[in-house]
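Visitor: Note that the protein sequences, when read in sequence, are chains A and B. The opening position of the first sequence corresponds to residue 19 in our numbering, with each subsequent residue numbered one higher. The opening position of the second sequence corresponds to residue 623 in our numbering, with each subsequent residue numbered one higher.
Incorrect hints may appear among the rest.
Claimed, not checked - To be clear about the criterion: a stretch of chain A counts as covered by chain B if any three or more of its residues have a C-beta under 8 angstroms from a C-beta of chain B, and this derived list gives those stretches:
{"id": "1", "stretch": "37 to 45"}
{"id": "2", "stretch": "133 to 147"}
{"id": "3", "stretch": "180 to 186"}
To be verified - FRET-style restraints, in silico, Cβ to Cβ:
{"id": "4", "chain 1": "A", "residue 1": "D53", "chain 2": "B", "residue 2": "E628", "range": "15 to 21 angstroms"}
{"id": "5", "chain 1": "B", "residue 1": "G646", "chain 2": "A", "residue 2": "T137", "range": "37 to 43 angstroms"}
{"id": "6", "chain 1": "A", "residue 1": "S108", "chain 2": "B", "residue 2": "D713", "range": "28 to 34 angstroms"}
{"id": "7", "chain 1": "B", "residue 1": "E628", "chain 2": "A", "residue 2": "I31", "range": "45 to 51 angstroms"}
{"id": "8", "chain 1": "B", "residue 1": "K626", "chain 2": "A", "residue 2": "K35", "range": "20 to 26 angstroms"}
{"id": "9", "chain 1": "A", "residue 1": "T87", "chain 2": "B", "residue 2": "T631", "range": "18 to 24 angstroms"}
{"id": "10", "chain 1": "B", "residue 1": "D700", "chain 2": "A", "residue 2": "N133", "range": "43 to 49 angstroms"}
By construction, these hints were calculated from the structure, which means they are not laboratory data. Ideal placement from N, C-alpha and C gives every residue a C-beta, glycine not left out.
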Amino acid sequence: MSYIGKSNAGNPILLAKDPIGSAVSSITFDEVFDDNYTEYLVTLFNMTVSSSSGVQIYWKWRNSGSDITGTHYRAYMVLSPNSANGQIVSNPTTSNYVPITDYSMGTDSTREALNSLITIYPRSTGPKFTVNDSMFVADSSNVYSSEFIGMLDDATQVDGFSIYASSGNIATGGEVCVYGIKK
Amino acid sequence: MATKAEHVTAMKSANATLNKNVNGVQIQLTTDEYNAQIDEWATNAEAQDVRDAIVSGGGSHADYKNIRKEAYLKELGDWGDQLDMIYADIDAWKVKVKAIKDKYTKP
């Protein structure tokens with residue numbers, strides 16, 4: 019049976035978006051995850067940073083308007099189509115946040131855009147995961163594609179998240195969107 | 623390479639106030655939030671300065687394993703390239719690997 023032209027049963031649904039109209043230290047969505055959806059997508063479009071170099075983008079889980087603290091685990095692969103740089107790394111940990119890029123973002127008039135698709139599941143009391151595929155242009159002007167998998171083994175049920183730069187503001191421009199998917 | 627205190631001074635000079643977006647609404651950080659954010663940024667910036675200096679010039683760093691991995695890939699190529707090097711001249715390959723190990727050391 020062909021599904022062309024048929025409804026997608028409302029999936030995915032745009033739940034929230036934030037066009038970044040001016041430089042901000044963080045972008046937060048609270049009470050955006052609930053039991054109406056089993057999986058969520060967050061897209062980062064053309065995100066830029068204010069600092070000149072050496073910046074990572076961090077992700078924090080939130081619930082009821084507060085950050086969820088704890089040890090975050092991650093694995094990641096970063097590859098570059100226009101340089102010999104890259105790495106594959108397992109099991110580094112961070113406290114209270116998880117990086118979703120490597121450390122080489124930075125500002126320049128011709129680069130620094132981060133585009134990312136982040137899959138989030140579940141919002142249950144079990145471990146929570148972020149899986150994000152990204153493309154960004156580094157402070158060295160190298161282009162990177164990356165996949166980061168983050169894990170927080172915490173019993174708190176999440177309802178939101180924050181994104182912020184390791185140093186300096188997230189610059190004007192770009193957009194963050196949140197979509198819900200029903201199974 | 624700037625110290626954390628120097629980063630704090632520079633960041634406060636560049637950002638008299640800070641704002642955050644919550645559910646699409648821009649809100650100015652409170653004084654406590656502002657100071658905490660500047661402190662975190664300065665801590666991260668100082669740590670990145672230290673890492674960058676070691677990647678450039680060598681030295682001891684807690685993240686030495688990943689710094690070495692980056693250097694292996696950049697200077698020797700991927701596993702396929704290195705297998706070719708090993709097949710062609712394993713001693714020359716070992717010299718290059720040792721140079722990276724010696725440049726980036728365990729604390």
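Visitor: Now, for every hint given, state plainly whether the structure supports it.
Guide: Results of checking the hints against the structure:
{"no.": "1", "hint": "37 to 45", "result": "holds (count 8)"}
{"no.": "2", "hint": "133 to 147", "result": "violated (count 0)"}
{"no.": "3", "hint": "180 to 186", "result": "holds (count 4)"}
{"no.": "4", "hint": "A:D53 to B:E628: 15 to 21 angstroms", "result": "violated, 48 angstroms"}
{"no.": "5", "hint": "B:G646 to A:T137: 37 to 43 angstroms", "result": "violated, 22 angstroms"}
{"no.": "6", "hint": "A:S108 to B:D713: 28 to 34 angstroms", "result": "holds, 30 angstroms"}
{"no.": "7", "hint": "B:E628 to A:I31: 45 to 51 angstroms", "result": "holds, 47 angstroms"}
{"no.": "8", "hint": "B:K626 to A:K35: 20 to 26 angstroms", "result": "violated, 36 angstroms"}
{"no.": "9", "hint": "A:T87 to B:T631: 18 to 24 angstroms", "result": "violated, 28 angstroms"}
{"no.": "10", "hint": "B:D700 to A:N133: 43 to 49 angstroms", "result": "violated, 25 angstroms"}
Hint violations for this structure: numbers 2, 4, 5, 8, 9 and 10, all remaining hints satisfied.
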